[in-house]
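Asker: Heads up: the protein sequence lines correspond to chains L and D, in order. Residues in the first sequence are numbered from 1 upward in steps of one, following my numbering. Residues in the second sequence are numbered from 1 upward in steps of one, following my numbering.
Worth flagging that the hints you see were computed from the coordinates, not collected in a lab. Fair warning: this is a prediction, and the values are worked out from it, not measured in the lab. Don't take every hint at face value.
Here are some chain D residues pointing at chain L (derived, C-beta under 7 angstroms) [to be verified]:
#1 LYS51
#2 PHE105
#3 LYS107
Covered by chain D, according to a simulated footprint, are these stretches of chain L (three or more residues, beta-carbon under 8 angstroms) [claimed, not checked]:
#4 15 to 23
#5 106 to 114
In this text, a Cβ means the ideal position worked out from N, Cα and C, and glycines have one as well.
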Amino acid sequence: DTAVSQTPKYLVTQMGNDKSIKCEQNLGHDTMYWYKQDSKKFLKIMFSYNNKELIINETVPNRFSPKSPDKAHLNLHINSLELGDSAVYFCASSQESGVGNEQFFGPGTRLTVL
Amino acid sequence: GQQLNQSPQSMFIQEGEDVSMNCTSSSIFNTWLWYKQDPGEGPVLLIALYKAGELTSNGRLTAQFGITRKDSFLNISASIPSDVGIYFCAGQTPGSGGSNYKLTFGKGTLLTVNP
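From just these sequences and the hints, can you work out the full model?
Answerer: Right, dumping it as C-alpha cells:
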C-alpha cells in the first residue's frame with residue numbers, strides 16, 4: 001500500500017490556467033507538507049499543515065493555495081500558472097511537526113507549464 | 001534564510017569504492033538528516049542525527065552530526081550500483097513559536113557508480 005500518494009504524476013498545462021494537485025497519506029500522520037523541487041533538484045518547503053491547520057507558509061506567491069479537507073489530505077491549487085511554476089512538487093507527511101519526526105515523501109508531481 | 005552548502009555536487013566512482021559527502025551551514029540545526037532520491041521518486045530518509053557529535057551507522061552508511069551543530073557528513077562504504085541517486089542533507093530547525101520544525105535541504109550530491 002502506498003503511504004503517501006499524489007495525483008496526477010504528470011501535469012502539462014498552458015500558462016494562465018488553474019490546476020490542482022492532490023495528496024493523500026494513509027499513515028495516520030498529523031502533519032503534511034508541500035515541497036517544490038526545481039530543475040536543479042533544489043528542494044524547498046512551501047507549506048505545512050498540522051491537523052488541517054496551516055503552520056508553515058514560506059514565501060510563496062498567493063497564486064498557490066493549499067487546502068486540507070482532513071488530516072489525511074493536503075491539496076495544492078495553483079492559479080494563473082506561470083512558466084516559472086514548472087517543477088516537481090512533492091507532498092510529505094510526518095507523525096507530528098516537532099523535532100525528529102521523519103517526513104515520508106510522495107512520488108512527486110511533475111508540472112510543466114507551456 | 002538558512003542555507004546548507006553540500007559538496008561535492010556530483011561524484012563518479014567505481015563499484016567498491018568508498019564515498020564521502022558533507023554539508024556545512026552558518027546556522028545551527030537541531031537535527032541533521034540524510035535523504036536519498038532515486039529518479040522519478042521522492043526522497044527517502046537514510047539516517048537521522050539528533051545530538052551534536054553523534055555518529056550513526058545504517059548498513060554501509062555512516063553519518064555524523066558535527067560538534068558545532070553546523071555540519072554533517074555521510075560516508076558510503078563499498079559502493080554498489082544501486083547506490084546511484086541524489087543524496088540530500090537536511091537540517092531541521094523550529095519555526096515560529098519554537099515549534100513546527102521545518103527542513104532546509106542542501107542542493108544534493110549526484111552519485112554515479114560504474115559497475
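Asker: Next, verify each hint and record whether it holds.
Answerer: Checked hints:
no.: 1; hint: LYS51; result: violated, 11 angstroms
no.: 2; hint: PHE105; result: holds, 4 angstroms
no.: 3; hint: LYS107; result: holds, 5 angstroms
no.: 4; hint: 15 to 23; result: violated (count 0)
no.: 5; hint: 106 to 114; result: holds (count 3)
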